[in-house]
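**Student:** As you go down the protein sequences, you meet chains A and B in turn. Quick note on this note's numbering: the first sequence kicks off at 1 and runs consecutively. Quick note on this note's numbering: the second sequence kicks off at 1001 and runs consecutively.
I should point out that these hints are in silico values taken from the structure, not numbers from a laboratory. Each hint should be verified, as a subset may be incorrect.
Unchecked claim - Cross-link-like lysine to any residue pairs, in silico, SDA-like; alpha carbons within 20 Å at most:
no., chain 1, residue 1, chain 2, residue 2
1, B, 1396, A, 23
2, B, 1049, A, 162
3, A, 159, B, 1053
4, A, 158, B, 1059
5, B, 1091, B, 1062
Said to hold, decoys possible - Footprint (simulated), chain B over chain A, 3 or more residues, beta carbon under 8 Å:
no., region
6, 58-72
7, 152-161
By construction, the Cβ of each residue, glycine as well, lies at the ideal position given by its N, Cα and C atoms.
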Amino acid sequence: MIIEGKCWCYGANIDTDALAPMGSYQGENVLDGAKQCLRDVDPRFAKGVRENDIFVATENLGIGSSREAAPLFLKALGVRLILASSFARIFFRNCYNIGLPALICEQSPTINMGDKLIVDLDLGIIKNLTQDVSLSYEPIPEHLYNMVLSGGLLPYLKKQLSNEHN
Amino acid sequence: MGRPMSMTLSEKIIAQACGRSNVNSGDIVTCKVDLAMMHDSSGPRMAGKMLDELGVPVWDIDKLVVITDHYINDENPDHKKIQEHARAWCKSHKVKYFIREQGICHTVLPEYGHLKPGMFCVGGDSHSTTGGAFGAFMIGIGSSDLVGVLATGEIWVRVPETVCMKLKGTLQPGIAAKDIMLKLCSKYGMMGFNYQAIEYRGPVVEKMSVEERMTLTNMAAELGAKTGIVAPDDITQAYLSHVGITAIDAKRWQSDDEADFTKTITLNCSSLVPYVAAPSSPENSLSISEFSQITLNQAYVGACTGAKLDDLRMVAVVLKGKKVSKNIDFFVAPATLNIRKEAEKEGILKVLVEAGAKVLPSGCGGCIGLGAARLGENVVGISTTNRNFVGRAGHKSSALYLASPYTVAASAITGKITDPRHFF
Ligand code: SF4
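Build the full structure now, drawing on both the sequences and the hints.
**Tutor:** This is the structure we're talking about:
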């Protein structure tokens, strides 16, 4: 899996209330709710983010509630990859479960708003094209990577269930 | 064969759930789930819908509990729709344990006798860690993970390291479990124990009521922990006897003497002072002496963290015979209807109402900015809840301080953040 895109960079402790404000998602129209993503942190984000963009944060990304709307909104807005120095555990699981790879990358703080990255998840390479440097990340456990390749836990389960029935 | 390996309580529960004789921290294992809890926000409308898309039934209807507590008690048409959907979904899936509008899920679940030591449980809510107060291993998960559990009855987990949190000494009058947790948040931050399980031990825990232990395990989530847990003892047994669970195996569900704790942290509680978290994070906690100049407009006693019977008792001890400041809107939302009834019986509710409290329905309410206790523009509030992120409890310009039931009560009287020890 190769992802190439522009980075949106934020700091530490971006919580799930900031990503998916209370009441922004009632289980139906994800895109409508996603317009409120980070509204209190950076109102430009939801308007400006494009398909294939990369979301970057430093420490503790996704602290707070278990609400899956937080990564769902990012995905709905076009984000294809998340990098952070560290993640809250439920948010991390939720990302993979919805098919959005989340990489633990200690050098996240070196990335600047608008930098272009190319990431090859099969080879394990991140290149910051704007700064012309390579970055490293913690390898993704195999079962999580397989889940992402299937598009998330649901499609993964679907496949498994249909295999059982055949 | 050698002696069975020493394990911590959490490791023992996981080993049993994944069908192995022992596990080590770092192992990735697939566990069979003894109980799955979900509420109206994470449940039928999210996980339920996805399960239907998969087209498979709930793996074991006896092991599912659905509780409505988030979007209840108001006229909002969206919320009404969520409730109707929850009802219809539970009916069509023949959900046996559908508990409607009886209070907040984490406090309702044990009241209805669903938790006991040694169980491996999941909940569609980050504060599902609360269940650890009963010697169960209970973790919070997101909706997709819930679907996985609903469809298969299983979930993969990484066996966490266990941190031994030794609470030594004695809590002084006016100090509560909440102060311990705010102190730990200030010291270790909201990611201090990411991926780890915290086992609370020591003389302070041994003397604590089950409800105070629930505050410890509830706010393990604010320390980033996978869960918090307290080994069962006579106090656990006494609580569970009340809800119809007579025989627990308290001896079996203990950490072994030689168990491998990743570290041991000792907190001397004898010298603990009240702690308060400044906006907008629990980790902005400091000793109460830093907050003498903060004037308040609202005080809220509510949530799974801070409106159990013991919490209401603490509030009543401070408020007895007093009135709250005329500048303060004071709201109390007992965590469950049962707790409300008990509080009435004990005369606690009367004390609170006479002091000026408005009693609100039992549900999440003010904790998530719903209902009468929603924080308005520029309102400064203090509350017994567990999180104070920007905009969570109301308008983004509002400011919320977190504190113990004692401190919230004392502050309601004076209209300023106030050390409750003045009232003891
Ligand atoms: S009271 Fe607050 S913290 Fe507790 S379950 Fe409800 S929303 Fe979550």
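**Student:** It remains to establish, for every hint, whether it holds in the given structure.
**Tutor:** Do the hints match the structure? See the list:
no., hint, in the structure
1, 1396(B) <-> 23(A), "holds, 14 Å"
2, 1049(B) <-> 162(A), "holds, 19 Å"
3, 159(A) <-> 1053(B), "holds, 13 Å"
4, 158(A) <-> 1059(B), "holds, 15 Å"
5, 1091(B) <-> 1062(B), "holds, 14 Å"
6, 58-72, "holds (count 8)"
7, 152-161, "holds (count 6)"
Violated hints are absent here; each numbered hint is respected by the structure.
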